[in-house]
Amino acid sequence: VLGWVYAGPLAVMVGLFFVLPLVLVVWMSLHDWPLLGERTLNAPDNFTAAADNDLLRDATVFTLRYTVIVTVVLFGVAMGLALLVQHSRAGVGLFRTAFFLPAAVGFATASLLFLGLLSNEIGPVNDTLERLGLIDEPVSWTTENPGLALASTVGLVTWRFAGFNMLILLVGLQSIPVELYEAARVDGAGRWQTFRRITLPLMRSTIALVLILMVTGSLLAFDQFFIVTRGGPDNSTTSVVMVIYREAFTRFDLGSAAAISVLALVFLVVLNIAQLAVLRRRSDA
Amino acid sequence: LLIATLGACGDDDEASDSGTAAGDDGGVELTMWTRAGTEAQSQALVDAYNESHENQVELTIYPNEEYPAKIASAAGADALPDIFTSDVVFAPNYVDQNLWQDITEQFEGLEFHEDVAPSHVSAATSDDAVYAVPHTIDASVMFYNKDLYTQAGLDPEAPPETLEEFASQARTIRQAVGGDTYGTYFGGNCGGCLVFTFWPSVWADGNEVMNAEGSESTIEEAAGVFEIYRALYDEGVASPGSKDEGGPTWLGALQTGKIGIAPGPSAWLQLLDDEGLDIGVSAIPGVEGGSSTFVGGDVAGISATTDQTDAAWDFLSWTLSEDAQVEVLAKNGDVISRTDLASNKYASEDERILTINEVVGRGVTPFALRFNESYNDPQSPWVETLRGALFGDDPAGALHDGAESITESLNS
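Quick mapping for you: the protein sequence lines, in order, are chains G and Y. Per the working numbering, the very first residue in the first sequence carries number 750; after that it's consecutive. Per the working numbering, the very first residue in the second sequence carries number 1266; after that it's consecutive.
Just chain Y, same shape as in the assembly:
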């Protein structure tokens, strides 16, 4: 206890500098789980924290597809780590299952709490109580390969402003370059991928995929978006692999440099740059124009079963501090979770990051209590719907039946 108190005193100055509410940096060993999708950001945050603090966080990373099951089985066995993250769209369900502690008081003790990504905070809020804070932000954007644009005679500085234009640019690339180079690519067997990349086009057109309460599907309003992607696949402009893509090889396909333009997670920008590709970033447009994005990413909370609450909060509050947001996340080219730090010194260095930050401001984080089982799970009604709408004989019927079965799943 003495050591813990001393440690906390020793760090008091630092804590007040960054405006964090009381945490405990007393040399505690903390365990933390996250998923592979946001591994780079989590690892960078943990490394920086461990270097500058007495507490040490041990991070364990699980494959995306297995992560929700891992959380569920650990919760059932009373074996959750001190801190765990969740895909922001699954957060309402974890809150509902009481897997995180109520951290309203600590969170509201942060001077800047009103500037913390509102879409993420509200996903982790229930009855005015906050259960988790933003951990990483990942928005869907269009990635286009500037070299292929040049080769195909397109202007590499003129990304599409409507989904129709996107389709015609993809066709031009397929026709002009050909061979094993394709116009576009999408996860045609992956519920989570299409939620993330197709829905922004629906929103950009002023349509909705479901109601605000997350209890009724209106997926028929996505018909126009599906029609465009369906045609691209039929014509052989989208890579044939699009039909099989269940998620695991999505990034790999974009990294080959043989895809003209495709929507994907902004967090992959660095990974595409690392392959030596000249990648441009633009917002995902609607069929008629406009643009939007799916503001995804992860939130992190303190598990309901840990007794190291103060030490865990010390870490979480630090991840929201200016040190972590600017010097760790922004420096790495990641989207940050605080609106008051948006125009930091690193963001203005890369206009693509500015594009991403700008689109996040107009983006949407959809809410549904039963998100995973309705949309992400391979056996979800959404996967059946999207496959019918993209590859089936009766796309309109698939969307009509889909709206019904998704609504049923949302209310089960």
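Isolated chain G (complex conformation):
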């Protein structure tokens, strides 16, 4: 009985804020669900409609592409920063703080900040680059072409999240006993060999965590596209979550939005299981 008492509060929280909404979303996905009024069972119409949705198909391709790009860039930068500041030296605290600082800015706020900075009308970026002679005429960072719009958001995401991921990686780096590095040095291992044979293998669980956070976060990307590029130009940066948002709050089709959410959830769960399996198997070997 005492065990239930201890577990009770958590069970209630999980039930209320996780299991219940999840069941509700699945339930909604099986219905024609208007904002107010009569709900009618229409399964599996919402799911077949999702399969025929061109915007969703393009958004899925884009979201996957974005996830790969962001994960590679963000991991590279975060790992680089972590390696730069891992040893205690004079002034290293200042750099660690500086790298981490963007994480203290809310993401929507950071998106608005970038929108302002990159704006042709009010932002300083174009003026500065023009004065430095790097560009001849103002560039429309967020709408000129799909590549530039994507690059702008990748820049934003890297600026905002690299410090946070650096911190996680730093903890992993510092949990590796110094003796191992000393032993390797005695054995005559070079820098690259030490990194490959000691740092990486012992960092696997940390790297797994960081990668799962990055991949999941990127697949669920919304704020940066909603605010900075508005999904444009020409729908080229419309993410899957933006399509869900459009179904629910522009088209008022809550059932369809729920169905796409369920599909996204299933995809994420499968992906995370696969990711964990691969990373675990490697660390067992």
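None of these hints come from the bench; they were simulated from the model. Remember, it's a predicted structure, so these values are computed and weren't measured experimentally. A hint or two may mislead.
Stated by the list, open to error - Computed from the model, here is a short list of chain G residues facing chain Y with C-beta under 8 Å: (1) L784; (2) L785; (3) G786; (4) N869; (5) P873; (6) T877; (7) S889; (8) A997; (9) F1001; (10) L1003.
Stated by the list, open to error - Far from chain Y, by Cβ distances over 12 Å, these chain G residues were calculated: (11) L765; (12) L769; (13) L813; (14) A933.
Yeah, the Cβ is synthetic: ideal placement off N, Cα and C, and Gly gets one too.
Dock chain Y against chain G, hints included.
Chain Y alone, transformed into the frame defined by chain G:
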């Protein structure tokens, strides 16, 4: 209950003076939501009502782009305010979703109900039942900068009478003034902006953008209008910012005073005057001549989930009274919602207001159940179409494909 009854009795005289049907002014706290686009008018109405009534309306204003989502999520969560406004073109959808109460009986109890802006009332009517009343009226017009006209050697009292003339005046300004001053400006990444500013030219030419039922797009008939704006952008006469403009910095660009002539919402006249600009107003012409306008603005209704119907109606009926229409809206230089009060004492003071009132009489409020998702939403087929027609390699193809995808969206 006693207090409520007393309050209602106390205000009986006032109510019958302004010809309003029974409302309840019993000191009730009302909540009301509106969007930033018509904030000035809503705030002025609410302030004047709160000052003269026992009921108190608390107004909350949301950014234009987020407002429909806010309404939708609140409706889903059963958390709508007592009163909420809507962009008039979204009204048919809200009526269809049952978000407003049927106020036919109260509305028809108003002596002057037949003089209330018919285009707005019909947008909020379904099966002969009325669900919302006009709240603000905002019509699209041409704004031109008289100082720049003088500088460029154009006659500041001779605004364009055809869209061709508009283009040539814009070119003259770009050539004569130059620098960071441009001939014109438009929202080339903003569905709502171009619906509002390009469609009147299409109508002025006697063409249509869709059928009356709002189920079939005929956007290919807008080819001539797109061709003119496309050329202005290509030649660098339209500000390069036009391609990016998604809405938020549209007003700011006009307020800089570095745009010669551009179509925009009549509600901005005051905001442009406030910047110290000498602004002229004219009707939006068609390619060949004639003129028209998009009669936009907001309607306000009582939410389906409130139980303060009578108090909410007291406010809404007051906003249509002569006191509110003339002494609040007309006095501020806004377009009013009652045709019987059009020639009020304030309207005749500013000939630009007369121009706006006059053009509203010939304007159009397009009807489509799926307006937002087909035209205003950034992911709408209309935004894809207009960008193809303005900036793409194959404008005719973009309009042709656009007509198809917009029709599909209108019927989804």
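Hints versus structure:
1. The beta carbon of L784 of chain G comes within 4 Å of a beta carbon in chain Y, closer than 8 Å, and the hint placing it at the interface holds.
2. About 5 Å separates the beta-carbon of L785 of chain G from the nearest beta-carbon of chain Y, less than 8 Å, and the hint is met.
3. Because the beta carbon of G786 of chain G sits about 5 Å from the nearest beta carbon in chain Y, less than 8 Å, this interface hint is met.
4. Contact between N869 of chain G and chain Y, as hinted, is supported at the beta carbon level, the nearest pair being about 5 Å apart and thus within 8 Å.
5. The interface hint given for P873 of chain G is violated, since its Cβ lies 15 Å from the closest Cβ of chain Y, which is over the 8 Å cut-off.
6. Contact between T877 of chain G and chain Y, as hinted, is not supported at the beta carbon level, the nearest pair being about 17 Å apart and thus beyond 8 Å.
7. A least Cβ separation of about 5 Å between S889 of chain G and chain Y falls short of the 8 Å threshold, and the interface hint therefore holds.
8. For A997 of chain G, the interface hint holds, since its Cβ comes within 8 Å of a Cβ in chain Y; the closest pair sits about 7 Å apart.
9. The beta carbon of F1001 of chain G is positioned within 8 Å of a beta carbon in chain Y (closest approach about 6 Å), and the interface hint is therefore held.
10. Because the closest C-beta pair between L1003 of chain G and chain Y is about 6 Å apart, less than 8 Å, the hint holds.
11. No beta-carbon of chain Y comes within 12 Å of the beta-carbon of L765 of chain G; the shortest separation is about 16 Å.
12. Against chain Y, the non-interface label of L769 of chain G holds: every CB pair exceeds 12 Å, the least being about 15 Å.
13. L813 of chain G, annotated as away from the interface, keeps every beta carbon of chain Y farther than 12 Å; the closest lies near 18 Å.
14. The beta carbon of A933 of chain G is kept farther than 12 Å from every beta carbon of chain Y, the shortest such distance being approximately 54 Å.
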